[in-house]
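Number of protein chains: 2
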Amino acid sequence: MSLAKDQQEILMKKQHVVTYRKGEIVCKQGTYASKILFLKKGLVKTYLEHHTKDIIFCVKPPGSYIGFESLFNERISPYTCTVYEDSEFCMFEADMFQELIEQNGKFAAAVIANLNMWVGRVYDRIVTLTQKQVAGKLADILICLSERVYFAQEFTVSISRKDLSDITQLSPETLSRALKDFKDEKVIAVDGKYFEILDMEKLKKYSDVG
Amino acid sequence: MSLAKDQQEILMKKQHVVTYRKGEIVCKQGTYASKILFLKKGLVKTYLEHHTKDIIFCVKPPGSYIGFESLFNERISPYTCTVYEDSEFCMFEADMFQELIEQNGKFAAAVIANLNMWVGRVYDRIVTLTQKQVAGKLADILICLSERVYFAQEFTVSISRKDLSDITQLSPETLSRALKDFKDEKVIAVDGKYFEILDMEKLKKYSDVG
DNA sequence: GAAAATACTTGATTTAAATCAAGTAAAGTT
DNA sequence: AACTTTACTTGATTTAAATCAAGTATTTTC
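Residue numbers (the numbering used here), protein chains in the order written: chain A, 44 to 253; chain B, 44 to 253.
What the hints contain is simulated information worked out from the structure, not anything from laboratory work.
Nothing false has been slipped in among the hints.
Because identical chains share one entry, a pair is satisfied inside a single copy or across any pair of copies.
Below, in silico cross-link-like pairs of lysine-lysine (DSS-like), each with a Cα-Cα straight-line distance of 27 Å or less:
(1) 247 / 71
(2) 248 / 71
(3) 96 / 205
(4) 71 / 175
(5) 248 / 236
(6) 175 / 205
(7) 96 / 245
(8) 248 / 96
(9) 223 / 248
(10) 56 / 149
(11) 71 / 205
(12) 83 / 56
(13) 149 / 57
(14) 236 / 175
(15) 71 / 84
(16) 226 / 247
Please put together the full structure from these sequences, using the hints given.
This is the structure:
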C-alpha cells in the first residue's frame, strides 16, 4: 500500500533517485538513519540481526517505504535492509518528511495508515513465528510471496534457500525437507528458484492449522 | 511514553473516563474498535488469540495508549486487550483523534513518535520469542517488568504464572522450572506473586546470551 | 469455613526440529 | 573449461522444550 495520489505528487518534487546493486545495504541496524526510501523497482529484505542469526521479518516489493520507523524518533535504524536485486529508490530526507507531516494533515494520515498496515503484518508474523509448525510457517511465506510480493501463482524468486530459512526461522535443512514434502504432495511445484502454487486451498489450510 | 504536554491538554477537554474491572475485556480481536484509550490507573495486557493459545505481546502500565492501530485503518482490532487489575481509562473517539491529527501537526508527530516507539518494542519481542532460549526469554520479561512496568527492583505482580507463560511463550511447566532455576542461582527472589531482582547484571547477561 | 475448583510445581517421557555428517549441485573465479 | 567455493539436499543423531502424570498449594464458591 502506498500513500495517496496527491501526497505522492508533493513528494515527486523533492525526490532524489538512487540505485543499489544486488546484495548492497540500504540501511544498517544500529546506525544513524535519516533517510526515507520508496522502492520503485527491485526487491528488498528487512531483517533483525541477533548475534550470528538473522530474522527476516519483511520482504518488500516495489511500492513500499523503508525507514518510517525513524520518524519523530531517535534516528537509529532498528533493522538492516539489503536489496535482493538491483533496485531503484526515491530517497527523501526524514526531516523533510517530518515537516510535510506537520504541515499537511492528510499526509500525516497517510503515513499513519501505512505504518498501521505494517504493524498488522508484524502481528501476523509473530503468530506465525511463535505458534506454527514447519508446514504452517512454510505455507505462510509461500502465500505471502504469491499474494503480496510477486502477485502471481508462479514466480521465480531472487531469494536463496538460506534466506527462506531466515524468513521462516527454520534451519536450512528443515526448510529443504518441508519444501520437498509440499512438492511430493503436489501443493507446489519447485525447481530451484522457480515456484508454482498448485493448491492454494491446501496451502491456506496448512497456514490455518499451523 | 506519552504524548507531549500541550497535546495532552487538548485531549483533556474531550476525555470520557471509564473503569474496567479485573479480567474484563477492553477490546476484542477481530471486532470493530472505534475508541482510543489512555490508561490512567491499573494494568492491561494486549494479546493475539490463535486457536486456543494466546500470545501476550505487551503488558502496558499507566500512561499507555491502546488502540492506535485502528487510526486511519479498518477499525478492526488486531488484538484483544484485557485488564489485570481494576483500571481507569480516558476514552476517546478514534474519529476525534483523527481530526486532531489532521488539524494539528504537532499532535500527528506525537502520535507517530508513540507508534514508532512501540514498533521498536515489538521488534525486540520478535528477537526474544524467536531466538532466545528459556533463560533468555524469562530474563527479558523480568527486566521488562522491573524497568518498564513496575519501575522497581521488587514488585508484586497481578500476572499469573499462566500469563507469564503466555508472555514468554513457554509452557507453564517450563516457566515454573526456569523461575526455580533463577531463584536457586540467587538471580531473583520469588514468593508467589512477589518478585525481587537480586542480580540485574546476571539477568542482562542471560538476556543477551539468549 | 469446608468443599470444590483452579493454579502451580516437580518428575518422567516424548517429540519436533536442530544439529551433525556427507554427499550433490550450482555458481563464481582464474 | 577446469577448479574452487558456496549453496543445497538427504539421512542419522541429538537436544531443548513440550507434553504427560501426579501431587501440592492456592483461590473461589457456597
